[in-house]
Structure formats: structure tokens, C-alpha cells
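Colleague: Here are the chains, one letter per residue:
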Amino acid sequence: MTDLLPMLRRLFPALVLLLLVAAGLTAASTPVRAHASLTGAVPADGSMVPSPPTAFALTFSEPTSPLLLRLITPDGKSLPLDRFTLRDRTLDIVAPDALGSGTYVLSWRVVSEDGHPVGGSVVFSIGAASGAAPLVADAAEPGLQAAIWTNRLLLYGGLFVGIGGAFFLAWLGAPTRDGATVISVALAIGTGAALLSIGLQGLDALGAPLGALGQPIVWQTGFATSLGKSVLASLLAIALAGASLALPALPARVLTVLALIGLGSALAASGHAGTAPPQWLTRPSVFLHAVGIALWGGALAPLGLQIARRSPNAAATLRRFSRFIPFAVLPLVASGLLLAMIQLENLRALWSSAYGQVLSAKLVLVALLFALAAYNRLRLTEPARQGEARATRRLLGSIRLEIVLVLVIFGLAALWRFTPPPRALALAAAQPAPIHIHALKAMADITVTPGRVGAVNVDMMLMTGEFGPLDAKEVTLVLANPARGIEPIRRKAERRDGLWRIDGLVMPAPGEWTVRLDILITDFEMTRLEGALPIRP
Amino acid sequence: MTRSTLLAAALLALGTGTAFAHVTLEVQQAPVPSTYKAVFRAGHGCEGKPTIKVRVQIPEGVISVKPQPKPGWTIEKVRGKYASTYDYYGTPTSEGVKEIIWSGGNLPDDEYDEFVLRAYLTKDLKPGTTLYFPVVQECPDGAAERWIEIPAEGKSADDYEYPAPGLKLVPKN
Numbered sequence: 001m002t003d004l005l006p007m008l009r010r011l012f013p014a015l016v017l018l019l020l021v022a023a024g025l026t027a028a029s030t031p032v033r034a035h036a037s038l039t040g041a042v043p044a045d046g047s048m049v050p051s052p053p054t055a056f057a058l059t060f061s062e063p064t065s066p067l068l069l070r071l072i073t074p075d076g077k078s079l080p081l082d083r084f085t086l087r088d089r090t091l092d093i094v095a096p097d098a099l100g101s102g103t104y105v106l107s108w109r110v111v112s113e114d115g116h117p118v119g120g121s122v123v124f125s126i127g128a129a130s131g132a133a134p135l136v137a138d139a140a141e142p143g144l145q146a147a148i149w150t151n152r153l154l155l156y157g158g159l160f161v162g163i164g165g166a167f168f169l170a171w172l173g174a175p176t177r178d179g180a181t182v183i184s185v186a187l188a189i190g191t192g193a194a195l196l197s198i199g200l201q202g203l204d205a206l207g208a209p210l211g212a213l214g215q216p217i218v219w220q221t222g223f224a225t226s227l228g229k230s231v232l233a234s235l236l237a238i239a240l241a242g243a244s245l246a247l248p249a250l251p252a253r254v255l256t257v258l259a260l261i262g263l264g265s266a267l268a269a270s271g272h273a274g275t276a277p278p279q280w281l282t283r284p285s286v287f288l289h290a291v292g293i294a295l296w297g298g299a300l301a302p303l304g305l306q307i308a309r310r311s312p313n314a315a316a317t318l319r320r321f322s323r324f325i326p327f328a329v330l331p332l333v334a335s336g337l338l339l340a341m342i343q344l345e346n347l348r349a350l351w352s353s354a355y356g357q358v359l360s361a362k363l364v365l366v367a368l369l370f371a372l373a374a375y376n377r378l379r380l381t382e383p384a385r386q387g388e389a390r391a392t393r394r395l396l397g398s399i400r401l402e403i404v405l406v407l408v409i410f411g412l413a414a415l416w417r418f419t420p421p422p423r424a425l426a427l428a429a430a431q432p433a434p435i436h437i438h439a440l441k442a443m444a445d446i447t448v449t450p451g452r453v454g455a456v457n458v459d460m461m462l463m464t465g466e467f468g469p470l471d472a473k474e475v476t477l478v479l480a481n482p483a484r485g486i487e488p489i490r491r492k493a494e495r496r497d498g499l500w501r502i503d504g505l506v507m508p509a510p511g512e513w514t515v516r517l518d519i520l521i522t523d524f525e526m527t528r529l530e531g532a533l534p535i536r537p
Numbered sequence: 001m002t003r004s005t006l007l008a009a010a011l012l013a014l015g016t017g018t019a020f021a022h023v024t025l026e027v028q029q030a031p032v033p034s035t036y037k038a039v040f041r042a043g044h045g046c047e048g049k050p051t052i053k054v055r056v057q058i059p060e061g062v063i064s065v066k067p068q069p070k071p072g073w074t075i076e077k078v079r080g081k082y083a084s085t086y087d088y089y090g091t092p093t094s095e096g097v098k099e100i101i102w103s104g105g106n107l108p109d110d111e112y113d114e115f116v117l118r119a120y121l122t123k124d125l126k127p128g129t130t131l132y133f134p135v136v137q138e139c140p141d142g143a144a145e146r147w148i149e150i151p152a153e154g155k156s157a158d159d160y161e162y163p164a165p166g167l168k169l170v171p172k173n
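Taken in order, these protein sequences are the chains called A and B.
So in my numbering, the last one in the first sequence is 537, and the numbering has no gaps at all.
So in my numbering, the last one in the second sequence is 173, and the numbering has no gaps at all.
Since the hints were made in silico from the structure, they are not lab data.
Even for Gly, the Cβ is constructed at its ideal location relative to N, Cα and C.
Mixed in with the good hints, there may be bad ones.
[Said to hold, decoys possible] Distance condition first, Cα-Cα at most 30 Å in a straight line; then the derived DSBU-like pairs of lysine-lysine:
#: 1; chain 1: B; residue 1: K172; chain 2: A; residue 2: K441
#: 2; chain 1: A; residue 1: K473; chain 2: B; residue 2: K155
#: 3; chain 1: A; residue 1: K441; chain 2: B; residue 2: K70
[Stated by the list, open to error] Some chain A residues flagged as far from chain B (calculated, every beta-carbon gap over 12 Å):
#: 4; residue: A36
#: 5; residue: G40
#: 6; residue: P52
#: 7; residue: F223
#: 8; residue: R320
#: 9; residue: A389
#: 10; residue: P488
#: 11; residue: T522
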């Protein structure tokens, strides 16, 4: 005990020294605030080089040592860059051999002398910016797809057989009423299918399962699409056709013509074909196509019934029908060909795209239908009209077959709901990726067009948190993809037409990107918005 | 163990933390209320360019601001109204210098300099918090480094790329 004090006294300076060094280390390690910033890169950020570089160089504002250097290749692979040399503030990196063309990300993470790690990315393209893989249409759940298809088939059947049938009864079949029951049933089916189609459309639009059909939002969403107008027009046309069945000849004829116009307008108002450019051409074409189908397809059932029931009027009806039908078929064929040409864009798509394959199958069936119709017209109609029993039987059989073919064709056409035409696919590829970020101080609508890998443009609209105008001094977009090991890519935006824009940004990889917007509001005030941006492959 | 080694150790302990690239304060802790001498240290320019202007925003609660004259630099004092009235040794003070601008000089990227002001930290400032002095460093061709980021609650200056120089406030003994 007595020795302790002198010993402590002897050790005192050493203890002080230790304490001071410890304090010094703490002081040195706490305010680690200075970071290096990238002042130059070879290849430059956002640049295009004609041939694969043999070396990369990163120059920083102060000497650094690299922690992690990676090259993300166009196919999404991450190559470690471990051959580098430090030359003052510049980091010379040996490039991997045999780099192909496309967009690369040189992702760097370095530590400067203060000990604070910083990261960033340099995006460059060799030869050309990475394009994108072929696009597949969004697939709905199978049960919903089946429901949508069945609904479409019933809708087509109901509308064409019902409205076309009513027209036939009023104009060609009168005064015989054979087929009125079938037509009423078809109109009823059409009504149900038209109403249900709103809900199914809503489910598809929201990506909701079949079970959600009871929710009002689903129906509101469905009705808000272009289908809403179509359904209204269809229901009006069905009502007109239904009323015509109960009315005398003259008003019935007027109503059925109006019903046909309603049907044509209904189909022209929505769907891939009616909404394809140029609309001044496609809309009338869809209209004529629909009217033609109704006139032909709708006539088959009442005509067949008249013949089958040996109506005394059947011969006269058959003659009127054969005289009239070319006027329906010619516009039908012409408009069909025109629409196919617009939608396909090239002949190869006839077998290479799903849309084209459905069209090919439909064309085969249509050719068969025409062969039957021609056989009826040239070989059976005249003898049947004369009352020849065998010809009448054959004609009936042929009409039955025609009805089946027409229904199969409707079924095929209903498949188009799931096979966007090449034109629409190209359009879907160009769809922008929009995001909305809302924070207390500011909010932003950011649109990346197209929202997929490759060269994109970014438009940003800024507002204050209370939806007022936000007058920013400077806007910087910072994109990173931590899942792929891509450090932040920074781009200053330019102000143009009230929007903040970034041109010529290349999105190097698909997936979920984190987005940060640094908005300089005044010289001394900056606000940050953070969000996520999904980029399609 | 001699006195000189002790001195060297002390110098080592206190001397660290000078070589910062950020604009930082030399003394990072001060009691309230008190008169504080703020020394802003500029370690480098904007991405290689020389600094030609330094702007310091004076936070609320900091009054009676007087910049120290600096050869080669013109000083501008931007005055304005404070958000509230502060007590300066019995004198109610509701307006004063809100920004100090040093301009007309030229500080190359590879040289170091300090910008000094003296101010009074009023008793309205809360001990235990950090007071931030946003600084903008301007360089030719519109380049600028803005040390203006104020850490959100639960974050520290280390979480930011451009943190504003901070002053830790402590109670007066």
C-alpha cells in the first residue's frame, strides 16, 4: 500500500500521455466529415465511346484509396475491377478484356484521407446504348383471362346475332317472324355480357383477382376506361334492336338501322383496332367491319330457321338475302384487310407475333366460311329456292356449319384481347415510368421516358408540399441501384418550359432504382425527395 | 518521460482535425449565452476551381455579428429582421446581420484559408443542440459548393455529402 503512491507518481506522465493520445484519436475520428468528390472520369460520365477502352481513370478532389470498384456489364453481370494504380488524385484502372457494345456502369466506392467512404457511378456506352429485350404483354391471372375471353365471346355473339338478326327480321325476313326467340335470347346474353365486361375490365386494369369483382372501385375503374363508352353504345343498340322486335315493319326498320350504327360505334370506340392511328381511317374501318359481321352473322340463324321450318316465305327471303349480302361482305373484307395491315406493321408478324398467329387462324376460318358461302350461293341457293329437297337439306347443313364457324371466329377474335398487336407492343415499350414523391416541403412528378433500360429522358415537375409552384434554383437527380451494386449516378437537370429535364440519361439495368432529388430552393436551403423507380427490362 | 514529449503528445491530441476538405468551424463547441469567435476553414475549392466568394448564413438566435476584415476580400453584411427579438445584455434586438459575404478574393483549390466572424450566442439557443451555419463557397463559371445540409432528426452530419458547419451548444458553467 505504501509503495503504490510513489509508483503512481512515477507513472503519471505516461498516464497523461496515454489519455492525450486517446483523446487525440477520438478527436481525429469523430469529425470525419470531409469527402472526396469525383472531378473527372475517362470515359466521361454519360459518354459514348466508339471502341472498348483499355483503361478507365477516375480523378478525385483529393487523394483517395479505392474500397470497391465494379463494372456492371450490359447483361447485368458485375465484374470486380482489381487491377488499378493510384497516381496522386487519379485512379487508373485496367479495363477487362473483350468488352462488347452496350451500356456499362463503372461503380466506385473510395475512402478519402479523412476516412469517410463515398460512392458514385460513371455510366458510359461502347458503340451504342443498350437496347432492350423483347417485351411481353402483362399476363392477367388465368381464371380472369378465361372469364374475360368467355365474356368477350358472349358479347360478340349476343351483339352480332341479336342486332344483326333484328335487322334481318325487319328488312329481309319480314313478314315471317322465325328467329325472333333466338334474337331475343342473343340480345339478353349481349346485355349481360356488356354489363359484366365493365367489371372484368376493371379487374384487369387494376390487376385485381376475380374475387374482387364485388368492389365498387373495380366497376368505376372499368367504366372509366374507353370500354365505358363502348358498353353504353352497345346497351343502347341492344335496346333499339329489342324494341324493333315488338314494332311494326317501318319503325322496326328504322330502329334496326340505328341499332347497327350503335353497334358499329360501340366497337369503334374501344379496343386495339379502333384506337390505332390514324383514327380517321381505323374507326370507320372498325365500324364497317362490325356492321358487316352483324349483317352476315346475324342473318344466318333466322334464315336457317325459316328454311328449316319450311316457311312459305323462305324462297323470297333467300333471294333477298343473296342479293343483299355482297353489300355487307365487301366492306367487311376491305375493312378487315386494312385493319390487319395497320396492326401488323409487317408481313412477318403474321406468324412471328401472337397477334398475327390469331389473325392467321382467323383468316383460314374466314376463307372456309367464304368457300361455304360461295358453294351455297352458286350451287344450293337456286335449287333450294325451287324447292329441291336435297339442296335445301344441304343448304341447312351448310348454314349450321357457317354458324359454328362464325362462333369460332368470334372466339378467336376474343383472343385478341390478350395479344396486343405489334403496333401496340411497340407503344407499350415506349410507356414512361412515372413516379410521384410527396414530402412535407416539396413534391415531384418524375417521368422517365421510356421507362425501360436504354436511353431515356427525364421530366420533373416540382411543387411545394401544398401543391403551390416551387421555384427551385437547381435540381439534381441521383439514381442508385443497391441491389445491383450500382453506386449513385448524378445528373443535373435543366429548366425548360417550366419543367426540369434531363436528356440523354442511359438507364443501364432494369429493376427497382432508388431515386433522390436534391432541390436547391434558395442558396442556403436544400430539400431532398426520395422514392423508388421501377425500370422495365 | 520529459516535458517536451508531453507537449508533443498534447499537440498531437489537439492538432488533429485541421486537414478537412469541408468547410468546418475551428471551434465546434460553445456555451450559451456567450460571445463566440467563428473560424470557418475552407480546405478546397469547387472541384478544382478557386474559391472567389464565401457566403455564411447567420442562424436565428445569433446576433451582434461582426466579421473580421480580410486583406484581399470585400465584406458585405446583409442585414434583415430576425424572426423574434433577442436580448443583448438588456437591449432588445430584433434586426441585424443575417448573412456575411466575403468576395473579390481568390483562394486556389490547393491553398487553405480561414474566414472569421465574432457573434453573440443568445440565451434563446438551446444547450444540447447543434447550431448550423450554412456556407456557400462560390467559384468561377457558376460552380459552387454548398455546405448547407442540416441533419434531420436522428441523423448526423456524417450522413450527408454537404453538411453545414455545426456548433455544439453547451450550458454555461
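Colleague: So, for every hint listed, does it hold in this structure?
Modeller: Going through the hints against the structure:
| no. | hint | in the structure |
| --- | --- | --- |
| 1 | B/K172 to A/K441 | 35 Å, violated |
| 2 | A/K473 to B/K155 | 25 Å, holds |
| 3 | A/K441 to B/K70 | 38 Å, violated |
| 4 | A36 | 7 Å, violated |
| 5 | G40 | 8 Å, violated |
| 6 | P52 | 28 Å, holds |
| 7 | F223 | 44 Å, holds |
| 8 | R320 | 82 Å, holds |
| 9 | A389 | 93 Å, holds |
| 10 | P488 | 10 Å, violated |
| 11 | T522 | 9 Å, violated |
Hint compliance for this structure: hints 1, 3, 4, 5, 10 and 11 are not met, and every other hint is.
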